[in-house]
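Fit chain to chain and form the complex, with the hints in mind.
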Amino acid sequence: MSILIDKKTRVLIQGITGVEGSRACREMIEYGTKVLAGVRPGAGGQFVENIPVYDTVEKALKHHPEVNTSLIIVPAKNVKDAALEAIFAGIPLINILTEYVPPIDSSVIVAWAKEYKIRVVGCSSIGIISPNKCKVGSIGSAEIRHMFKPGPIGIISKSGGMTAELASVLGRSGLGQSTVVGIGADTICGSDFADILELFEKDKETKATVIFGEVGGVGEEVVAEYVKKKKIKKPIVALIGGKFTHMLPSGTVLGHAGAIVSHGKGGYNSKIKALRENGVALAGTPEEIPFLLKKILKIR
Amino acid sequence: MRNFCYTGAMKLYEFEGADLLEKYGIPVPKRQVVTSPQDRVDISLPCVLKAQILSGDRKKAGGILFANKKSDLSKALKNLFNKTISGEKLEKILIEEKINGVAEYYISFSFSGSFRAPVLALSRKGGSGINDAFIYPIDMIVGLEPFFIRQALSKSGFPSKDINPLCDIILNLWKLFTEEKVIVAEINPLLKTKEGAFFACDAKIDYGKRRSIEMMDGDIAIIASGGGASLINIDALLEAGGRPANYAEYSGNPKKEFVEKITQEVLSKSGIKACWAVGGTASFTDIYETMKGFTEGLKKVRPKPDFPFVIRRDGPRTKEAQKLLSDFAKKEGYNFFIYGSETPMVETAKIVVALAYPKKAKIKP
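Read top to bottom, the protein sequences are chains Y and P. The first sequence begins at 8 in this note's numbering and counts up one residue at a time. The second sequence begins at 5 in this note's numbering and counts up one residue at a time.
For the record, the hints were derived by calculation from the structure and aren't laboratory data. No residue lacks a Cβ here, since even glycine has one placed at the ideal position from N, Cα and C. Warning: the hint list may mix true and false statements.
As a list, the in silico PhoX-like pairs of lysine-lysine whose alpha-carbon atoms are at most 25 Å apart [to be verified]: (1) P/Lys-179 / Y/Lys-250; (2) Y/Lys-272 / P/Lys-15; (3) Y/Lys-87 / P/Lys-179; (4) Y/Lys-211 / Y/Lys-87; (5) Y/Lys-272 / Y/Lys-214.
Ranges between beta-carbon positions, derived for each pair [claimed, not checked]: (6) Y/Lys-156 / P/Arg-154: 53 to 59 Å; (7) P/Thr-347 / Y/Lys-236: 36 to 42 Å; (8) Y/His-253 / P/Gln-155: 36 to 42 Å; (9) P/Asp-143 / Y/His-253: 34 to 40 Å; (10) Y/Lys-302 / P/Lys-363: 49 to 55 Å; (11) Y/Lys-124 / P/Pro-141: 15 to 21 Å; (12) P/Ser-48 / Y/Glu-284: 56 to 62 Å; (13) Y/Phe-95 / P/Arg-44: 57 to 63 Å.
Just chain P, with the same shape it has in the complex (with noise of 0.2 Å):
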């Protein structure tokens, strides 16, 4: 079974990518990154033109064009700074030599769950993805030692030509893989000219790390807690007939100043009509300070919100908390929905629709 822990959130632009493994001693094209039609262009014709999107599906949508000449450079760049790519609008255009290949290879590191390792990929087929490609789980008691990439090379049907200057390669892409601490490294594709040189031609470096607010298009406002809890509520609330206008979450003890920035933003969003904070029971995450973290956020949202607030959230220091909210609410004048345990989550998903879409609504909180 295979489980490629993939694209996260914090990806590099292709072009930050070049100059990652070109740090690393892996050899990239030359390059240059413009940001208007305008821009001089250094790099000689012919050339790439790729749009700097994160979004895949880059080619499909028309993003990456050639130019032989000097009039094909202008009309590719206007072209492409006039577009939008999977609703991201264009800024930078990374333009390359053109690299004549002979042969496209793959070259990634990523993480396999069912391995419980780190895992080399490799294909002759450069383009096609990681699905396509003979997978090495890595020892990590010895770590990657040449041996192991030279046979890798060799049963995956790498040509004996290749197998020493490839294995140069892909040493440096996996000290770029541990030391940068990624969760995927990938060079895709890889071109072999026909001297017999290599250029890693795209490159997709992710750090797996994620963004504190993921926006989406509904309009109640979440404030979830806890990783798992958040998912089962938003289900909950998907399955209520509510809209979710945002993923996010804190977990652990965060700091009451943590919850207020979280509060505040995803407050900000015009045509919010209920706010839910919700989440389990918690072990040590201090409801106390959390709760107080997300009045202070609420106080500095303007203009000051009317609609209601569905809180439900039990664990330590709960008491207190209730009250720091319930008095909050009346001394400031907010609608508050307050709720423990004694009331499951996914309730309040059903609470806070119908509150949210009062028309609609079947039942009263």
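For reference, chain Y alone in the conformation it holds in the complex (with noise of 0.2 Å):
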């Protein structure tokens, strides 16, 4: 088995006809994702890649009723607006790749998921990757993909340029993956680690999670207290990033928008102490991951 995606995911693409939204519909082809329909307003009748473009979301589930699954790439301020359309046509995931959402933003595309109970993944995803079924978004693209292999282990990541490198420092041990999942490093995300972590506890499949944090937010500390009530049994791995932080002012912006240098909560220290308390393992280095996991499986 596997999380979010499948063999029986249907795709819709909103933001087709634009140079990521089509790189993506491409490479998502080639991996074997059943892409049925892209949106695009006023691009209604057009073709990408074989594909057929509509108008409007409503105008597209017409059609492919199948649809179970929007991918979302348009502009950061078409965001809302698209996430919206899609939530509202009931489409019961939504995978956002745009970066740089207005994080007020967000919070409306968040608040009415949950009233839908539609389940949304990003801003700032990479995508998600059930390796051999499907991929979503521009996770393990092109040369990339065969980094990814199916396994008993399954990955959350903040960042997205981390998927593929933990991804190859598994595979390089024998360790494939269930699911791996880009959540983002928003302020405001659709989905965070402990909800991505109640999924995995519910897959037969997944015997442990890897999950990728950094400093900014409260989304690992969230992760020690599900540990901590045993919401979580099934064994972590984290990796968290920012240790030498405390060498920049509090406040300090760092590369993802949700990446705000703490010297408190939120910080690393805070994250580490939270998880290690909680009897999380920690890894230093990407490296140390597979080692601590074949340790923690009992795996020679």
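Structure follows, in structure tokens:
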């Protein structure tokens, strides 16, 4: 099994005619993902990679009622609009790749998604991949798709770039992945670590999860709470970036919008302390992760 | 659990914040910005002089002075213009008419990652921070309606008489918060006069934008790729005994001109002992394109760097990129050490440290 996406996933791409949208479309099709339709207001009737484009999500769904996932790659200022269109159309999974979406817009998306019980992954997500089954978004593109191999480890990463790096480090140790999820590192995100961990908890294929976190926000601290309350029982190995940030002033914004230096809650020490105290295994480097996983899972 | 995405890099100076508040109809005291002790001051006495710096602790550092007489004013101006606070040299002073407050309040909007919503923070004790305030997450399906603000004010113990005027101010601050798309809009303190009028006496407005380069004190120049990988790598550099000269990061699929600009800027700092261009295995960053930008930036650095370069990157078009780099190093005479995903990112931290400080090195690249 896997979580969020698999062979039954049927994708709509909002923003399919854009540079990033059409590239993601091409690469998803090459990977075997079933992309059924695209939306671009004003471009109805066109085709991108032989995929029909519609003016509205409603119309796309009328012709392709099997669609169960929407990938959003539209300019940041249009993301709220596009996401609400997908939410109101009732598409159960929405993956938003666009970066720099104003947090006030993300808040509106998250509020309506909750109301309609729609799962949103992102904004600023690199995508989701269930190796050899399906991928949504830019994750595992082109030459690096072979780095994601099927297996028992779930990966959740705030960082897009780290998804391939982690998969390749695990792969070299013979540890494949059930699903790899880029959750993005915005202040307001659709799904955080704990939300996705709950899905891995129910997934039979997943034996352990790797999370890549970083300074800013309290997603990692929430994981520690979940482990403490035994909401998550499967083993977790965490790699947290930003130890050096004590050298930068509080408030400095790093590579990701939500990666804001804090010397208190949300800071590196706060996360490490919370995770360690609740028995989450901490890796100091990516290469330590497979070593810790094998020890925990008693794999030689 | 509380999470406040607070103070970011693109903060406004207090006087800029005051202008913005005024634009949104929030009352602020009469004020003037002066840039030298000789500037004519038109604000009536008594007045407050406030150093315009972005770091906190201004009050403790003596950055806020009061003047009752003309002689106080010129003395205070001279005093402030000679000051450096938290490494920031004073260039501007905000002079405001002094408001005699009978009460000081705290009001702010910011985002909470745990509520996944904007939050209104209220406190009847101005001056204290958000950590002592009452927090009200805003339901973004309804938006912020006046009844919600009145309820929040009432629950936080504000006097009945203040509820209507404060509600108006808060609605205006919300308008600013949402229209300017800032991550923090804070009034602290909001002073109440004995006549019952309100004045925003300090404001913190933060757009949450980042600078592409943060300078640090060390001597290993860093051009990192990937928001997450950059953190892991600099952590590893510190662990290996390296001293980062900066934090610089690009990700996504940047144009080569952007990488060129960062490269040039990072390497123009004096005293650099080595350069580390490091990133993970990219999913869609064109490695050839970004490395081309790197070499073009490098060509413009004067004097020509004779220190070693450690480059670790993988992803789309890596082979072409590696050939470009080695050809460039050979032709132009640079000392490049080039690695791909076969060498762990953090391993190259040790390599760059060994090259930067050869005498102390325990390992050889």
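Hints and how they fare:
1. Pair hint P/Lys-179 plus Y/Lys-250 does not hold up; C-alpha atoms about 37 Å apart against a cutoff of 25 Å.
2. At most 25 Å may separate the alpha-carbon atoms for a hinted pair to count; Y/Lys-272 and P/Lys-15 meet this at roughly 21 Å.
3. Simply put, Y/Lys-87 and P/Lys-179 have alpha-carbon atoms about 18 Å apart, close enough for the 25 Å limit, and the pair holds.
4. For the given pair, Y/Lys-211 sits about 34 Å from Y/Lys-87 by alpha-carbon distance, which is inconsistent with the 25 Å threshold.
5. At roughly 30 Å between alpha-carbon atoms, Y/Lys-272 and Y/Lys-214 are farther apart than 25 Å, so this suggested pair is violated.
6. In this structure the hint that Y/Lys-156 and P/Arg-154 lie 53 to 59 Å apart at CB holds, the actual value being about 58 Å.
7. Hint check: P/Thr-347 to Y/Lys-236, Cβ distance near 41 Å, so the stated range 36 to 42 Å holds.
8. Checked against the given bound of 36 to 42 Å, the beta carbons of Y/His-253 and P/Gln-155, roughly 40 Å apart, stay inside it.
9. Between P/Asp-143 and Y/His-253 the Cβ separation comes to about 37 Å, which falls inside the hinted range of 34 to 40 Å.
10. Look at Y/Lys-302 against P/Lys-363: about 38 Å separates their beta carbons, and that is not inside 49 to 55 Å.
11. Between Y/Lys-124 and P/Pro-141 the Cβ separation comes to about 20 Å, which falls inside the hinted range of 15 to 21 Å.
12. About 57 Å separates the C-beta atoms of P/Ser-48 and Y/Glu-284, a value consistent with the hinted range of 56 to 62 Å.
13. For the hinted restraint 57 to 63 Å between Y/Phe-95 and P/Arg-44, the CB-CB distance of approximately 59 Å keeps it satisfied.
The earlier numbered hints that this structure contradicts are 1, 4, 5 and 10.
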